[in-house]
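Line by line, the protein sequences are chains A and B.
Note that the numbering used here has the first sequence beginning at 1, numbered continuously upward.
Note that the numbering used here has the second sequence beginning at 1001, numbered continuously upward.
Calculated directly from the structure, the hints in this document are not laboratory data.
Treat the hints loosely; a few may be bogus.
Unchecked claim - Away from chain A, derived, C-beta distances all over 12 Å, residues of chain B:
id : residue
1  : T1054
2  : W1087
3  : G1095
4  : E1169
5  : R1178
6  : L1183
7  : R1280
8  : Y1360
9  : P1384
10 : V1396
11 : G1404
12 : E1434
What the hints assert, rightly or not - Derived, one-sided and incomplete: chain A residues facing chain B with beta-carbon distance under 10 Å:
id : residue
13 : A6
14 : L164
15 : S168
16 : R178
17 : T181
18 : C382
Predicted model only: the values in this text are computed from it and were never measured.
Quick reminder that beta carbons are idealized off the backbone N, C-alpha and C, glycines included.
Protein chains: 2
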Amino acid sequence: MNVNFAERAHNHNWKLDPIVRSLLDTDFYKLLMLQFIWKNFPQVQVTSEVVNRTVRVHLAERVGMAALREQMEHVRGLRFRRSELVWLAGNTFYGVRFIFEPAFLEWLEKDFALSDYEIAEQESDDPAHAGQLTLRFSGLWTAVTMWEVYALAIVSELKTRAALAELSELELDVLYARAKTRLWDKIEKLRDVEGLQLSDFGTRRRHSFLWQEYAVQALRASLGKRFGGTSNTALAYKHDLEAIGTNAHELPMAMAALASVGSDDELRASQYRVLELWQRSYGGSLLIMLPDTFGTTQFLEHAPEFAADWTGQRVDSKDPYVAGDEYVAWLESRGRDPRQKRLIASDGLDVDDIVKLHEYFSGRIRFSAGWGTLLTNDFRGCHPRGEDTLEPLSLVCKLTSANGIPTVKLSDNARKTAGPVELVARYRRVFGSEAETGAAVIV
Amino acid sequence: MNVNFAERAHNHNWKLDPIVRSLLDTDFYKLLMLQFIWKNFPQVQVTSEVVNRTVRVHLAERVGMAALREQMEHVRGLRFRRSELVWLAGNTFYGVRFIFEPAFLEWLEKDFALSDYEIAEQESDDPAHAGQLTLRFSGLWTAVTMWEVYALAIVSELKTRAALAELSELELDVLYARAKTRLWDKIEKLRDVEGLQLSDFGTRRRHSFLWQEYAVQALRASLGKRFGGTSNTALAYKHDLEAIGTNAHELPMAMAALASVGSDDELRASQYRVLELWQRSYGGSLLIMLPDTFGTTQFLEHAPEFAADWTGQRVDSKDPYVAGDEYVAWLESRGRDPRQKRLIASDGLDVDDIVKLHEYFSGRIRFSAGWGTLLTNDFRGCHPRGEDTLEPLSLVCKLTSANGIPTVKLSDNARKTAGPVELVARYRRVFGSEAETGAAVIV
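Full structure from sequences and hints, please.
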């Protein structure tokens, strides 16, 4: 009886189960940054690269080149759909309509295209490279930037699929029961926390698209107003949620690289130039700064007055208690009321961190959490045979050069420092050397 | 696209989702006992009744009379299917073929019918009855006996369904994720226990038929030879498993009632008369005695010599460590080697009990566990809103009279004693009064 013959035949014969189903399946900040780049840096050429910071996992052994290429090509073949563009044009983001200019949307529809890329398996005796994938992008910044989230989500989910393919139907069932139980136990800890504010930031390192969607729906159904929305634009669109996110390190990194041909003063000033340009395009809640690219303390110390008028700060590599205290003190020193400002933590958070941070900052500053990989990919200990193949990786995709000039990131956590050694040395001289070997990078 | 229109329409319109899908959906021992009754007591009239020993739960408020009647009528309309009868006739049970006589199978096919029943809601100020259901059966013993498992499974699953109907789709998903995680955590504790032997005994108080089937498949897939089979005949048939079980209290209870019109000696002797009759029909591994109906110690003390030749004992109300030690000592006192005998514990066991009992008796007697309600209905703490509506009840269905004479059960646990006060007094005089207020009856 009830056999769906069409579905069975389809399941047996499909050629590709796409990982990225729509160009909106990306973090919202990528779209904001894309418009920013399209407007301010339309001719800049960049390279960027996927890096697996979890070097003990040999990605190339888990993710097949052919499958990776197939998924990448699928994304390259996607176009923004008419209905998606109409939504971007007419929807209210952060309380504001018409954030995207008509000319930009027209360009998105007609001229946007993803850059070329290079895929290879790394052969090396260096344990940081052995068995790793090379996945490198080069071209116009406007054509490269969007790859970041698509590529990370593809690599992450291909790794997931390879691990799932080893499991029987019953084992799969155990796996998901455990992961769901884990997720719901987490949600129960958040359910009754007064005034809590959190969003999903877990697109790039998710277990899978469907699992992220499940997690987002679970949060929406359970947390009410405590759930602010999702960074995933496709999920925001599909489920009428707030799209969350503003900007990322690639802006100050590229602008610093471009400025680095000049004097040390020009290099140092570039980090504030980002803010100036950003506030020409965006206002209000979108004025969230990310001061840790070259060290938060020096950033705040020398920041121009207008930076204190921004809406808030995102903390992504410093101990968030320290960073929040520092921001509160800085705002007070500049005569601003921290209780009117926002502090967003987004670095490897899990539920207990979120609750503790919320309590710590309660009444002092408006705290909110960007809950990432440990929301959308916490399968630790869930594998039915006790294997670690479904544990999340610390995967990133970073700009490596702009107009041929290598980029550098110092970060507040020395484990996240990136760039050629000699350039890192110069940046440290210019910006100071405050990065400390901080917490181990889990995700 | 892939919408199964037929299935959707069916789901919206079905009249009855049957709980008992086949007459084989019962404990195997009921079929063995049915043949025993058909052969030895074809004219005896009995009454039996469902009792909820978890009196704090007002069953009548959870289980609707109309739905109950509908499910009962559905079972009454069922017939043994030809293929089921062929299987009963030709299959090997406990290593023996042709356990069921052709004449019995012919009777099953042509003349078997379930008795009439009475359903009512109890109105009473007595907390043991207030809000409880009356579900009472009367007629020929051959027509009443099979109701036990069907009725218990129906009441149990109707209660489940009522609780599930309160939950959203997402809450249902949480619930089952938690219950599956619980089940798999239990299985992991059993997986590597050397020489373990256990079977599913959880039909009557299961969460639902499908959940029992899931649990049985999980055990089969994970435990290999450690999983001996299931008491559920339909599942044994469907999944090619061993059907497990031999006999229950209703035999000595009915035979004692029938003997109780005579002398105390005749009453006392009736408990051994069951064994005599049983071994006329069955042999080998089916010779498992259940000595606790009127107290295990007196039973063993006065047991005829042939009882020591039986294959083993099932412990259902006494502390299983004590009962096992007692049985081992008794076997030795009768010159039998306990290591050739089987000890089956089946009273409210959970995974830790099973492992500990297995270790305790290892090398001394062949221990095996009948894992019941805490295998097939352990949803404690799984309810997404923290309610207790899905926790299992201590539901039983017991013979209350035979040929108009009330039945009595003393048991080794005074909480399980049943029968009219004045008759219990006589039985205690005859059999002794060894029942102690034992462990609280969970399930």
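Hint by hint, here is what the structure shows:
With a closest Cβ-Cβ approach of about 26 Å to chain A, B/T1054 is found to remain outside the 12 Å limit, as its non-interface label requires. Listed as outside the interface, B/W1087 is consistent with that label: its C-beta sits roughly 22 Å from the nearest C-beta of chain A, beyond the 12 Å cut-off. Interface exclusion of B/G1095 from chain A stands, the closest Cβ pair being 28 Å apart, more than 12 Å. A beta-carbon of chain A comes within 12 Å of the beta-carbon of B/E1169; the shortest separation is about 9 Å.
For B/R1178, the condition that its CB be more than 12 Å from all CB atoms of chain A is violated, with the nearest at approximately 5 Å. At the 12 Å boundary, the C-beta of B/L1183 falls inside the reach of chain A, the nearest C-beta of that chain being 8 Å off. Against the 12 Å criterion, B/R1280 stays outside the reach of chain A, whose nearest CB is about 43 Å from its own CB. The claim that B/Y1360 lies off the interface holds: its Cβ sits roughly 28 Å from the closest Cβ of chain A, which is beyond the 12 Å cut-off.
For B/P1384, the condition that its CB be more than 12 Å from all CB atoms of chain A is violated, with the nearest at approximately 7 Å. For B/V1396, the condition that its CB be more than 12 Å from all CB atoms of chain A holds, with the nearest at approximately 31 Å. Distance check for B/G1404 against chain A: the nearest CB is about 48 Å away, which clears 12 Å, and the non-interface claim stands. At the 12 Å boundary, the C-beta of B/E1434 stays outside the reach of chain A, the nearest C-beta of that chain being 44 Å off.
Checking A/A6 against chain B by beta carbon gives a least distance of about 6 Å; that is within 10 Å, so the hint holds. The interface hint given for A/L164 is broken, as the beta carbon of that residue sits about 17 Å from the closest beta carbon of chain B, more than 10 Å. Hint status for A/S168: holds, given a least beta-carbon distance of 7 Å to chain B, under 10 Å. Annotation: A/R178 was flagged as interfacial toward chain B, and the flag holds, the nearest CB pair being 5 Å apart, inside 10 Å.
About 4 Å separates the beta-carbon of A/T181 from the nearest beta-carbon of chain B, less than 10 Å, and the hint is met. Interface restraint check for A/C382: the shortest CB-CB distance to chain B comes to about 9 Å, inside 10 Å, so the restraint holds.
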